[in-house]
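Enquirer: Below, each chain spelled out in residue letters.
Protein chains: 2
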Amino acid sequence: VTTIDVTLQGIDKAPIIRHRRSTRLRIVIVGGSDAGVAAALRARELDAEAEVELILADDFPNFSVCGIPFWLSGETPDWRGLAHRTLEDLSAAGLKLRPNTLVKGLDPARGEVTLSEGSQEPSIGYDRLVIATGAVPKRPQLPGFELPDVHVLRTMGDAFSLHRALDAGVGSVLIVGGGYIGVEMADALRRRGLEVVLVERGEQVLSTIDSELGATVADELAAHGVRCLTGTGVVAIERDDGYLKALLDPGGEIVAELALLVVGVQPQTSLARGIGAELGESGALKVDAQMRTGVAGVWAAGDATETYHQLLQRSLYIPLGSTAHKQGRIAGENAAGGHAEFAGTLGTQVVKVFDLAIAATGLREANALAEGFTPLTVQSVIEDHKAYYPGAHPLHIRIVGDRRTGQLLGGQIVGHISGQVAKRIDTLATAIYHRMRVEELSSLDLSYTPPLSAPWDPIQTAAQVWERARSTNCGSRAAGVEGR
Amino acid sequence: VTTIDVTLQGIDKAPIIRHRRSTRLRIVIVGGSDAGVAAALRARELDAEAEVELILADDFPNFSVCGIPFWLSGETPDWRGLAHRTLEDLSAAGLKLRPNTLVKGLDPARGEVTLSEGSQEPSIGYDRLVIATGAVPKRPQLPGFELPDVHVLRTMGDAFSLHRALDAGVGSVLIVGGGYIGVEMADALRRRGLEVVLVERGEQVLSTIDSELGATVADELAAHGVRCLTGTGVVAIERDDGYLKALLDPGGEIVAELALLVVGVQPQTSLARGIGAELGESGALKVDAQMRTGVAGVWAAGDATETYHQLLQRSLYIPLGSTAHKQGRIAGENAAGGHAEFAGTLGTQVVKVFDLAIAATGLREANALAEGFTPLTVQSVIEDHKAYYPGAHPLHIRIVGDRRTGQLLGGQIVGHISGQVAKRIDTLATAIYHRMRVEELSSLDLSYTPPLSAPWDPIQTAAQVWERARSTNCGSRAAGVEGR
Numbered sequence: 001v002t003t004i005d006v007t008l009q010g011i012d013k014a015p016i017i018r019h020r021r022s023t024r025l026r027i028v029i030v031g032g033s034d035a036g037v038a039a040a041l042r043a044r045e046l047d048a049e050a051e052v053e054l055i056l057a058d059d060f061p062n063f064s065v066c067g068i069p070f071w072l073s074g075e076t077p078d079w080r081g082l083a084h085r086t087l088e089d090l091s092a093a094g095l096k097l098r099p100n101t102l103v104k105g106l107d108p109a110r111g112e113v114t115l116s117e118g119s120q121e122p123s124i125g126y127d128r129l130v131i132a133t134g135a136v137p138k139r140p141q142l143p144g145f146e147l148p149d150v151h152v153l154r155t156m157g158d159a160f161s162l163h164r165a166l167d168a169g170v171g172s173v174l175i176v177g178g179g180y181i182g183v184e185m186a187d188a189l190r191r192r193g194l195e196v197v198l199v200e201r202g203e204q205v206l207s208t209i210d211s212e213l214g215a216t217v218a219d220e221l222a223a224h225g226v227r228c229l230t231g232t233g234v235v236a237i238e239r240d241d242g243y244l245k246a247l248l249d250p251g252g253e254i255v256a257e258l259a260l261l262v263v264g265v266q267p268q269t270s271l272a273r274g275i276g277a278e279l280g281e282s283g284a285l286k287v288d289a290q291m292r293t294g295v296a297g298v299w300a301a302g303d304a305t306e307t308y309h310q311l312l313q314r315s316l317y318i319p320l321g322s323t324a325h326k327q328g329r330i331a332g333e334n335a336a337g338g339h340a341e342f343a344g345t346l347g348t349q350v351v352k353v354f355d356l357a358i359a360a361t362g363l364r365e366a367n368a369l370a371e372g373f374t375p376l377t378v379q380s381v382i383e384d385h386k387a388y389y390p391g392a393h394p395l396h397i398r399i400v401g402d403r404r405t406g407q408l409l410g411g412q413i414v415g416h417i418s419g420q421v422a423k424r425i426d427t428l429a430t431a432i433y434h435r436m437r438v439e440e441l442s443s444l445d446l447s448y449t450p451p452l453s454a455p456w457d458p459i460q461t462a463a464q465v466w467e468r469a470r471s472t473n474c475g476s477r478a479a480g481v482e483g484r
Numbered sequence: 001v002t003t004i005d006v007t008l009q010g011i012d013k014a015p016i017i018r019h020r021r022s023t024r025l026r027i028v029i030v031g032g033s034d035a036g037v038a039a040a041l042r043a044r045e046l047d048a049e050a051e052v053e054l055i056l057a058d059d060f061p062n063f064s065v066c067g068i069p070f071w072l073s074g075e076t077p078d079w080r081g082l083a084h085r086t087l088e089d090l091s092a093a094g095l096k097l098r099p100n101t102l103v104k105g106l107d108p109a110r111g112e113v114t115l116s117e118g119s120q121e122p123s124i125g126y127d128r129l130v131i132a133t134g135a136v137p138k139r140p141q142l143p144g145f146e147l148p149d150v151h152v153l154r155t156m157g158d159a160f161s162l163h164r165a166l167d168a169g170v171g172s173v174l175i176v177g178g179g180y181i182g183v184e185m186a187d188a189l190r191r192r193g194l195e196v197v198l199v200e201r202g203e204q205v206l207s208t209i210d211s212e213l214g215a216t217v218a219d220e221l222a223a224h225g226v227r228c229l230t231g232t233g234v235v236a237i238e239r240d241d242g243y244l245k246a247l248l249d250p251g252g253e254i255v256a257e258l259a260l261l262v263v264g265v266q267p268q269t270s271l272a273r274g275i276g277a278e279l280g281e282s283g284a285l286k287v288d289a290q291m292r293t294g295v296a297g298v299w300a301a302g303d304a305t306e307t308y309h310q311l312l313q314r315s316l317y318i319p320l321g322s323t324a325h326k327q328g329r330i331a332g333e334n335a336a337g338g339h340a341e342f343a344g345t346l347g348t349q350v351v352k353v354f355d356l357a358i359a360a361t362g363l364r365e366a367n368a369l370a371e372g373f374t375p376l377t378v379q380s381v382i383e384d385h386k387a388y389y390p391g392a393h394p395l396h397i398r399i400v401g402d403r404r405t406g407q408l409l410g411g412q413i414v415g416h417i418s419g420q421v422a423k424r425i426d427t428l429a430t431a432i433y434h435r436m437r438v439e440e441l442s443s444l445d446l447s448y449t450p451p452l453s454a455p456w457d458p459i460q461t462a463a464q465v466w467e468r469a470r471s472t473n474c475g476s477r478a479a480g481v482e483g484r
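Order-wise, the sequence lines are chains A and B. Heads up: the first sequence begins at 1 in my numbering, then just goes up one per residue. Heads up: the second sequence begins at 1 in my numbering, then just goes up one per residue.
Think of the hints as simulated: they come from the structure by calculation, not from any bench. A hint or two may mislead.
[Unchecked claim] Derived coverage of chain B by chain A (criterion: at least 3 residues anywhere in the stretch with Cβ under 8 Å from a Cβ of chain A; other residues may be distant):
1. 72-81
2. 167-173
3. 343-357
4. 411-420
5. 427-433
6. 453-461
[What the hints assert, rightly or not] Quick list of in silico lysine to aspartate or glutamate cross-link-like pairs, DMTMM-like style, CA-CA up to 25 Å:
7. Lys-96(B) - Asp-58(B)
8. Lys-286(B) - Glu-440(A)
9. Lys-104(A) - Asp-158(A)
10. Lys-286(A) - Glu-440(B)
11. Lys-245(A) - Glu-341(A)
12. Lys-96(B) - Glu-51(B)
By construction, the Cβ of each residue, glycine as well, lies at the ideal position given by its N, Cα and C atoms.
Just chain A, with the same shape it has in the complex (with noise of 0.2 Å):
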């Protein structure tokens, strides 16, 4: 065993610490969810001697949160396919797992995880740690929210319950929250074949599009019998003769067998706040560009923590899976001795909502307003690909861009999902990472054959008609409608 100084700099205050170290640096990672397992992943590929060890707290390492809704579909039919990687390739690639595990504190100065009572051993030592330690689903405390039908959706835990309550043969389930679980489920439910209400208290089902498209959402939603109500809120919950019975803001109430709670989650950052690590103002972790805490020797990932958004060069609260996986390779690399920066992200996500894909990228008209820009939104309604090959469905797509400077600031795609919605975001959210004007989206190289795109790609027909609305000083109602 020998004893090195380790220095970490470029953080205020971090104090020099000196870390007890065998020849093998012993990384450990509270988490073992996205962020988690691919901060191990990176540290054990960088550093092959690495002792890495996960703690998680239940027996499911690396499983696709995502992906439950397709589970309690039908789609997917067994629950073991959800785990990214098995216990074995974990193993395989070098990691130490301790599953159903909880951690009861954190002690930096002796670099030490103490866990909680009835452990195999009180505490583990540590020269790196990680904390990955996620988000749990808001459970609002209104009357009722605690009973037992009322599901949450978050673990495999949550998971296991619902499939069970679906099993056992409800036929009809409210679900609380519009957001994308919130949609994603609806399909889901009704491919079950039950009666599905969905509630949310917004103007629309999807606030991360503009309500222009919303409407298009909720069409497809309609078309597929889920009864939507926006505006509307749940106050309370009763039980009422073996049903729930959820009482409605502004008014009336909608009974059901079971309710589904998906109202957004909030960042687990009890052990990170007691070592004196900082929350920004979204009240998630605080992070620096190489997902240090602020406490030497502790780096933070996922979603705990906030995300630096590119545009507007601060961080909020973003939790997305693809931002887990990015973030925590990024801590797992720094951890191991690197110096990796996070790029930070845009916000892109794409939903599937029965036959359609929904992708948004960057800013929206209210947000870039905020944030001093000069916004235009135009949107127009562009074939997927050449009409005359057979298939072909509308895309509807948003520019936003800054009239005054031109820059790029974000996009938004409704189409079918047959239309590559979800990769056409992407080269608009490779374009904002490169800061592109609007008008120089018409000189990228893209791909064409007829039955996948067109001469110009939607998304370059799209800048085209931002770039008429913008010379001719149209509004951003002024919704340019092309089909060439």
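Chain B: place on chain A using the hints.
Expert: Okay, now just chain B, sitting in the frame of chain A:
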């Protein structure tokens, strides 16, 4: 009528010429396909007063040459559907069309286009001229290649002729040439139930992709009953008892009722050469970034011209529909008085063959080597979305990067048509446009939902595999395979 001095700057040896012009600028465009129409529309968009006239050799302006195989297959029921825009659309956009008219000569000193005999007028005057004369199919000077049952495929006239022959009950077709039109026509003709043999002189079909991927394409063709003979040329075609007999090199023969020669195209440059426009090394018209020919007042665009390659930083002959639209738009803008510059292309292309999409952008190992790069090519096989959601198919992704600098140089993807192959190559094309390093691809915020992608998009996983191969100094055959 006023007289205005027009000074064309920046072209070597371009004289200051004096155009007669009315208050309306008179722009004449020779050629009515993609480049010509794009130029005309852009000119009118920027100068609504301009008199824009298109001279076209046939009666089918702005028809989608790329769409012809889909009409021949029956997927596009009506050939009229192949028009990007109808005659009414073009008139409504303010364009004047002169169909079925051949140009005999050009006189840039007088600003005159001489029309062929039989035209309504012997000549028409112009202030600005755009040459968009396109390309013609190569027809090797070999015995029997001029027989009536030996077809080529480029114009609507060619398409009608082939369609009539097929409707007359042809049962077997020999396709000579395994480029993208060859394989698309193999698909089209099999869809009609015909017997199809494809003969390709090179070692594989689709010379735009590496041999490791060519095998996948060959399997797809074979699985759909296309007989492929690679490494085989046709040296002569003979009439044989109502059939055609093709004599093969290195031996053997193929008997079929009809032959289709699709062995590439050559630029139509004679008009431009007649006024002293220069050709590039490729034999196509040389143009500068503004699409100027070097002859004052004369621009050129589309398949008659060379294309600037962003990575090679020089011009090649890469005739593609998507490029023709871009070049035409630039030429039209500048003919109307603008100063737009063509950013060049990366040769990005995609072709659909049965259920496969095959896409490529940028450089391949061999041409990267020839350009002085130190390329490393790494292939990965990655599911196009999370395997637990139904319908996942493998993407075969090849990443070409510079081993020394890490710069992304090119990419190739082969996968199922449902796998967003075309728009995934677009992200790579956008990345190359911005001179990204392979490693930096992992910083892009790309969209994820289990039915459509993975938390790391497959192109990012492929980039990570490339980085690992680079750091372990693996050769290009040490292909990594990832399934996460």
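Enquirer: Confirm or reject each hint.
Expert: Hint-by-hint comparison with the structure:
{"no.": "1", "hint": "72-81", "verdict": "holds (count 3)"}
{"no.": "2", "hint": "167-173", "verdict": "violated (count 0)"}
{"no.": "3", "hint": "343-357", "verdict": "holds (count 11)"}
{"no.": "4", "hint": "411-420", "verdict": "holds (count 3)"}
{"no.": "5", "hint": "427-433", "verdict": "holds (count 5)"}
{"no.": "6", "hint": "453-461", "verdict": "holds (count 4)"}
{"no.": "7", "hint": "Lys-96(B) - Asp-58(B)", "verdict": "15 Å, holds"}
{"no.": "8", "hint": "Lys-286(B) - Glu-440(A)", "verdict": "24 Å, holds"}
{"no.": "9", "hint": "Lys-104(A) - Asp-158(A)", "verdict": "22 Å, holds"}
{"no.": "10", "hint": "Lys-286(A) - Glu-440(B)", "verdict": "24 Å, holds"}
{"no.": "11", "hint": "Lys-245(A) - Glu-341(A)", "verdict": "50 Å, violated"}
{"no.": "12", "hint": "Lys-96(B) - Glu-51(B)", "verdict": "8 Å, holds"}
Violation of the numbered hints given earlier is confined to hints 2, 11; the remaining hints are satisfied by the structure.
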